[in-house]
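Enquirer: Between the sequences and the hints, there should be enough to build the whole structure, so can you do that?
The listed protein sequences correspond, in order, to chains E and G.
Here my numbering = 1-based position in the first sequence + 4.
Here my numbering = 1-based position in the second sequence + 41.
Read the hints as simulated data drawn from the structure, not as lab findings.
As a list, the in silico DSSO-like pairs of lysine-lysine whose alpha-carbon atoms are at most 30 Å apart: (1) K206/E <-> K264/E; (2) K59/E <-> K216/G; (3) K206/E <-> K276/E; (4) K162/G <-> K68/G; (5) K244/G <-> K216/G; (6) K59/E <-> K186/G.
From chain G, some residues computed to sit far from chain E (all C-beta separations above 10 Å): (7) V51; (8) A60; (9) E61; (10) E65; (11) S240; (12) R278; (13) R280; (14) N304; (15) D319; (16) A322.
Listed next, the stretches of chain G that the computed footprint assigns to chain E, with coverage defined by at least 3 CB atoms under 8 Å from CB atoms of chain E: (17) 140 to 152; (18) 170 to 178; (19) 210 to 224; (20) 368 to 374.
Backbone N, C-alpha and C fix where the C-beta goes; we use that ideal spot for every residue, glycine too.
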Amino acid sequence: MNMHSKTDLRELSYAEAIREAMDIAMVRDERVILMGEDIGVYGGAFGVTGDLVEKYGTDRVMDTPISELGGAGVAVGAAMTGLRPIFEFQFSDFATLGMEQIVNQAAKIRYMLGGAVSVPVVMRFPSGSGTGAAAQHSQSLEAWTAHVPGLKVVQPATPADAKGLLLAALEDPDPVMIYEHKILYKMKGHVPDGYYTTPIGKAAVMREGKDLTIVATSIMVHKALDAAETLAAEGIEAEVIDLRTIRPMDRDTVLASVRKTGRLVCVYEAVKTLGVGAEVSAMVAESDAFDYLDAPIVRLGGAECPIPYNPELEKAVVPQVPDILEAARNLARGRV
Amino acid sequence: MRDTVIPNNVPYAISRYSAEELKEALKKMYLIRKFEEGAEDSYMRGLIHGTMHLSIGQEASAVGSCMSLSDEDKITSTHRGHGHCVAKGADLSRMFAEFFGKESGYCKGRGGSMHIADPSKGNLGANGIVGGGLPIAVGAALSAKRLGTGAVTICFFGDGANNEGAFHEALNMAKVWNLPVVFVCENNKYGMSTSTERSTAVKNIADRAVAYAMPGVTVDGNDFSAVTEAVDAAVERARNGEGPSLVENVTYRWRGHSKSDRNRYRTKEEIAEWQSRDPIAAMAKLLVDHKIATEDEVAGIEADATRIIEEAIAFATEGDNPKIEEVTRDVYTEETAS
Chain E
5 MNMHSKTDLR ELSYAEAIRE AMDIAMVRDE RVILMGEDIG VYGGAFGVTG DLVEKYGTDR
65 VMDTPISELG GAGVAVGAAM TGLRPIFEFQ FSDFATLGME QIVNQAAKIR YMLGGAVSVP
125 VVMRFPSGSG TGAAAQHSQS LEAWTAHVPG LKVVQPATPA DAKGLLLAAL EDPDPVMIYE
185 HKILYKMKGH VPDGYYTTPI GKAAVMREGK DLTIVATSIM VHKALDAAET LAAEGIEAEV
245 IDLRTIRPMD RDTVLASVRK TGRLVCVYEA VKTLGVGAEV SAMVAESDAF DYLDAPIVRL
305 GGAECPIPYN PELEKAVVPQ VPDILEAARN LARGRV
Chain G
42 MRDTVIPNNV PYAISRYSAE ELKEALKKMY LIRKFEEGAE DSYMRGLIHG TMHLSIGQEA
102 SAVGSCMSLS DEDKITSTHR GHGHCVAKGA DLSRMFAEFF GKESGYCKGR GGSMHIADPS
162 KGNLGANGIV GGGLPIAVGA ALSAKRLGTG AVTICFFGDG ANNEGAFHEA LNMAKVWNLP
222 VVFVCENNKY GMSTSTERST AVKNIADRAV AYAMPGVTVD GNDFSAVTEA VDAAVERARN
282 GEGPSLVENV TYRWRGHSKS DRNRYRTKEE IAEWQSRDPI AAMAKLLVDH KIATEDEVAG
342 IEADATRIIE EAIAFATEGD NPKIEEVTRD VYTEETAS
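Expert: The following block contains the structure:
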């Protein structure tokens with residue numbers, strides 16, 4: 005493959021990359037259908053499905069009633085009986101109305117039935133704050149589903165991974181939950197042409213460094229990379245890991261990095277307590293990598309607070325680049 | 042199946058089905074009754090743990106509803122689902138083995154009483170969540186329509202589930218998309234201890250069909266022929282592309298909700314009154330009255346069922362327990378995830 009061909013370097017937005025993945029999947033596999041609220045002529049609340057309904061019709065791009073529980077359940081039943089539904093929750097917050105079908109049904113049916121059926125459903129959750137939509141339209145609840153055996157949970161941070169992880173999710177025989185960050189939908193990046201998959205369960209080292217490890221998810225990967233750039237100018241070499249999948253978590257990549265750097269910061273937008281950072285920290289503390297630590301682990305997560313409306317307050321409750329810089333400098337200079 | 046015009050005064054089922062089919066239906070009803078009695082007995086003797094929800098008294102609803110289904114057609118079932126499983130053609134030995142938690146059971150000992158399923162016969166499984174199967178059944182019907190399989194899905198649920206939000210969402214979507222699904226409500230009068238009078242704003246649950254612009258009918262769920270007539274018509278509509286229907290089979294569970302039930306919410310007289318309307322005795326009488334079977338044949342069918350259940354319990358007793366080291370098997374399809 006020619007890595008420098010013009011098409012290989014084309015850029016798409018994160019939303020366009022997801023749409024391209026769905027388009028490719030629908031051409032490849034007649035069983036793939038899209039379901040969700042206002043995903044047809046409206047094109048999706050965030051424009052992710054766009055004009056796909058014009059290409060595939062309303063039988064394959066199905067507007068559901070405002071029925072998150074029923075809609076999720078229909079997707080589960082369809083997945084058990086031969087279709088490959090991609091179900092969009094309009095906002096991840098609304099998935100709270102569909103948790104019964106996600107947690108009791110999708111996640112457990114295969115196990116409860118002794119492996120007699122699989123549930124190859126894909127669900128998409130537009131998540132996160134930064135849109136001024138306040139407490140019921142801005143949450144990051146990925147840890148809820150990551151707590152449930154039987155589900156796989158991914159959080160793409162780049163357009164290329166948004167496409168690759170969605171196509172990987174459709175290849176996967178089990179339910180895959182995709183948490184997309186709404187602020188990333190317009191972010192552009194290089195997206196390879198055609199069909200490819202990004203492996204579920206593999207983290208990505210986004211920047212190498214020797215002084216400390218920053219494990220980040222979703223939008224925080226970009227904030228961590230911004231911080232790493234500033235830190236490099238100060239002589240601190242931060243290694244930035246994009247976790248990409250939070251269930252199952254890529255233990256090897258995280259532990260290898262911590263063994264190398266001896267310092268760890270976890271950055272995630274969801275409420276700090278009992279979140280992804282707790283799991284990453286425990287993973288390190290319970291392993292031999294603990295012996296390599298030169299400083300305590302630092303978690304940067306959301307405040308113990310619903311997402312507020314006022315824009316300054318909204319920014320204040322989730323980690324920002326200066327927070328990462330401060331934590332990294334303190335760690336690197338032995339102040340923790 | 043007979044292809045003749047139904048004569049006057051002959052019950053629907055007698056005209057519609059062959060003698061062999063009717064005798065097989067009676068056998069399944071006996072198998073359900075004796076499965077439940079065997080399960081209860083095994084529990085009393087301490088051979089199994091957990092709880093169970095017995096469907097004794099509801100056999101005509103389960104068997105009558107499934108009469109016109111093939112193995113390609115699907116059902117979703119409930120926590121009171123043993124009868125549906127038998128009606129859809131499950132193997133009694135594997136059912137009992139699951140009840141005993143054995144590796145040879147339908148769910149390899151992972152599911153138990155509330156999750157027995159047999160996808161090879163179109164049974165997508167019982168469900169421990171009241172109303173959990175309603176949207177799943179709509180999904181199965183969506184697959185059938187989209188993939189053009191011609192299959193119909195019967196969604197069994199109880200009177201309790203009709204007050205769940207999932208009921209509203211599922212029936213609405215089934216009609217909006219005109220899907221081949223039949224919602225069969227087994228109204229046994231109580232959601233655990235709470236009667237339909239105390240929980241449900243309408244007198245008949247089938248009245249709610251109006252809200253979804255689909256046909257709705259209430260029938261005597263202990264009358265095999267009445268159940269069959271209503272559900273067969275609904276299945277035929279679904280198969281012809283005429284969309285979903287709601288059928289309410291009014292019936293009664295002779296036993297309590299589960300093993301913890303002390304029957305404090307209903308009277309002995311009420312239970313006795315319903316026991317006098319035994320659906321199996323009525324079915325046997327129907328077959329004898331219409332010379333489909335002699336009384337000796339009926340006795341033979343019952344004896345066959347008894348023998349099958351005894352063999353099933355022996356099979357289950359002898360089966361191996363699952364290996365503890367394999368407890369996480371089947372959480373995922375591929376064993377790479379953790």
